[in-house]
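From just these sequences and the hints, can you work out the full model?
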Amino acid sequence: MKGTMESHIVVIAELRGNQVSPVTYELLALAEEIGQVHSFPVKVILLGADVERPAREIADASGNAVLAIRNCHLQIYNGEVYKDILGDVLPSLDPVFILIAQTTQGLDYGPGLAVRFGSACITGVNAFVEKEEGFCFSRAAFNGKIVTHLLPVAKTTVVLVQPGAFEGLAGKAQNSGPIEIRISNVEPKRMRAMGVAQSRPEDAGLAGADVVVAAGRGIGEKENMTLIQQLSTLFPRSAVAGSRPVCDMGWLQYGRPVGLTGATVSPRLYIACGISGAMPHQVGMQGSGFIVAISTDSRASIFNTADVCIQEYPKRIIPAVIEEFEKRKNQRREA
Amino acid sequence: MGGHRSHHCYIRRVVCLDPVAKGIPQIHQRVPNGCHFPVKDSGDAGGDFFVQDTIVQLMVVVNNAWSAGIRGHVPEPFTIASWISNYVSEERYDLILCGVMAEDHMHGQVGSMLAELLDLPCATSVISERIDLERGIIYVEREIEGGQRAELEMDLPAVLTFQTCANEPRYPTLSNLMRAKKQGALVIPLDILPAVRDREKIVGVDYPQKMRSGLFLEGNMEQKAALLLDILEKEALIS
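Read top to bottom, the protein sequences are chains A and B. With this note's numbering as the guide, the letters of the first sequence map in order to residues 1 to 335. With this note's numbering as the guide, the letters of the second sequence map in order to residues 336 to 574.
Simulated from the structure, these hints should not be mistaken for lab results. Beta carbons are placed, not taken as given, at the ideal position from N, Cα and C, and that holds for glycine. Check before you lean on any hint, since a few could be wrong.
[Claimed, not checked] Think about it this way: if two alpha-carbon atoms lie no more than 30 Å apart in a straight line, the pair counts; the simulated DSBU-like pairs of lysine-lysine are:
1. B:LYS569 x A:LYS315
2. A:LYS189 x A:LYS43
3. B:LYS545 x A:LYS131
4. A:LYS145 x B:LYS545
5. A:LYS43 x A:LYS172
6. B:LYS569 x A:LYS43
7. B:LYS569 x A:LYS329
8. B:LYS536 x A:LYS145
9. B:LYS516 x B:LYS545
10. A:LYS155 x A:LYS131
11. A:LYS131 x B:LYS536
12. B:LYS536 x A:LYS155
13. A:LYS145 x A:LYS327
14. A:LYS315 x A:LYS222
15. A:LYS315 x A:LYS329
16. A:LYS222 x A:LYS327
17. A:LYS43 x A:LYS155
18. A:LYS131 x A:LYS43
19. A:LYS131 x A:LYS145
20. A:LYS222 x A:LYS145
21. A:LYS327 x B:LYS569
22. A:LYS222 x A:LYS131
23. A:LYS315 x B:LYS545
24. A:LYS315 x A:LYS327
[What the hints assert, rightly or not] Facing chain A, according to a computed beta carbon distance under 10 Å, are these residues of chain B, among others:
25. TYR422
26. MET436
27. GLY446
28. ALA485
29. ALA493
30. THR496
31. VAL540
32. LYS559
33. LEU567
And the structure:
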């Protein structure tokens, strides 16, 4: 790794509807962590059609220098424009690490950007750890059952960071960072963003639920969705959701998968029934207040993020829970 | 459409499959010659058009899997993309299709790296597509956060990475299976492919750490159910 004064740790900020996405502050937290080991300055790059206000927000919160690039074609994300602008800008910063959020946007342009720069590319990063060989990035593999530690051996490393893996910077920095605003005239050549279709209405109920009962492939068969529905009725303001495979198989109405490309939920209680807990699913539910996981697989990664773990078949334990609930309800009535 | 505008009713498409553990270090290419099939979604071309499919499957050797430490040749995504690019760049395909992310290593990198190596536009996490052959354009919808869908128009040739169940799986008929057997497979030995220098290396493998208390409930079914309700009542999560 090159260690000149000009080198930088670069954070690519992410906007959602012209708001700074919270994962941007998680990237900044990781940049600080890396900065304690590799003493390179941090530079934040922000791309968009309207960048002044978000650039100010990031500079105030982090105290880092922000390079905001305005491009009129970025009202909606366009991977080609992103890569072309970053391809122009990044060489002058001599980046050692380029930190990008592992969102559908980050995964769209990050690996291609790594190829353009001859960089290493490590996706799904959830920790920065010291090993005998040096400082490494950790990531989950095999449905979250193992963690691999990767050592970059290229001059530059593109790091895609799993949302929620690092605690984001909070509050304001002592001194606001300097902001530079540039105008980019890069135009889309071979791909044009046409618009974004909005979520289906049924997603709204999921977002507002106090309790989410979610089904995974481990419930066994479609007929067992009835049990999931019954379990959810024990709780007021509850909703039924599922993992992506369950939605793909048509066991649950499409539009309700919880995860990276589905809904992100943070209910008071999340009950995962027969869900393995792969990274894309966990991204969507890890902010839940209290997590109960039911799975027959003692090594299911969902157990690593749960408060309470039940190693059972969902179709056997759920009727037992419902029966016990009814029994207690009747006892309370009689008392 | 790229260099193929004269072939109005054909589109050349290659499907790149994930590496398969415990195989042989060769690239298999299977050309089901004559297995052209009509595509219902014909876009604005009018009538059915036909697709010539090639399947590229990369097979790699994994020694003793992860539990003994990954000592075998587990190529990193850039290496896989480079190998596929080496083959595909000679063939001038109109559409290059990959999965969005393998279930094992979950890198989600090969498709967009391949596009960059081939200097082609790329859309990831695609859930639907429609081709306009006359204009040499493909319309795609990408699945993005919150269940939203980003709509794109792209010039062909292009690389797409598909989400699971974006399309109904098309299983080969018995007669096509037999035909494919007769066709055999083109095997490209690894040693004629370009050597690709590693850009990162695995230096350790662990079990994941627990992020929360992870209390395992003990007892028979009824006892576990009662324990769960005790905890939920204590946490004021059920009444």
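Hint by hint, here is what the structure shows:
no.: 1; hint: B:LYS569 x A:LYS315; in the structure: holds (25 Å)
no.: 2; hint: A:LYS189 x A:LYS43; in the structure: holds (28 Å)
no.: 3; hint: B:LYS545 x A:LYS131; in the structure: holds (20 Å)
no.: 4; hint: A:LYS145 x B:LYS545; in the structure: holds (11 Å)
no.: 5; hint: A:LYS43 x A:LYS172; in the structure: holds (17 Å)
no.: 6; hint: B:LYS569 x A:LYS43; in the structure: violated (47 Å)
no.: 7; hint: B:LYS569 x A:LYS329; in the structure: holds (16 Å)
no.: 8; hint: B:LYS536 x A:LYS145; in the structure: holds (19 Å)
no.: 9; hint: B:LYS516 x B:LYS545; in the structure: violated (48 Å)
no.: 10; hint: A:LYS155 x A:LYS131; in the structure: holds (19 Å)
no.: 11; hint: A:LYS131 x B:LYS536; in the structure: holds (13 Å)
no.: 12; hint: B:LYS536 x A:LYS155; in the structure: holds (14 Å)
no.: 13; hint: A:LYS145 x A:LYS327; in the structure: violated (37 Å)
no.: 14; hint: A:LYS315 x A:LYS222; in the structure: holds (11 Å)
no.: 15; hint: A:LYS315 x A:LYS329; in the structure: holds (22 Å)
no.: 16; hint: A:LYS222 x A:LYS327; in the structure: holds (27 Å)
no.: 17; hint: A:LYS43 x A:LYS155; in the structure: holds (17 Å)
no.: 18; hint: A:LYS131 x A:LYS43; in the structure: holds (26 Å)
no.: 19; hint: A:LYS131 x A:LYS145; in the structure: holds (20 Å)
no.: 20; hint: A:LYS222 x A:LYS145; in the structure: holds (26 Å)
no.: 21; hint: A:LYS327 x B:LYS569; in the structure: holds (17 Å)
no.: 22; hint: A:LYS222 x A:LYS131; in the structure: violated (45 Å)
no.: 23; hint: A:LYS315 x B:LYS545; in the structure: holds (26 Å)
no.: 24; hint: A:LYS315 x A:LYS327; in the structure: holds (19 Å)
no.: 25; hint: TYR422; in the structure: violated (17 Å)
no.: 26; hint: MET436; in the structure: holds (8 Å)
no.: 27; hint: GLY446; in the structure: holds (8 Å)
no.: 28; hint: ALA485; in the structure: holds (5 Å)
no.: 29; hint: ALA493; in the structure: holds (8 Å)
no.: 30; hint: THR496; in the structure: holds (9 Å)
no.: 31; hint: VAL540; in the structure: holds (5 Å)
no.: 32; hint: LYS559; in the structure: holds (6 Å)
no.: 33; hint: LEU567; in the structure: holds (7 Å)
Hint violations for this structure: numbers 6, 9, 13, 22, 25, all remaining hints satisfied.
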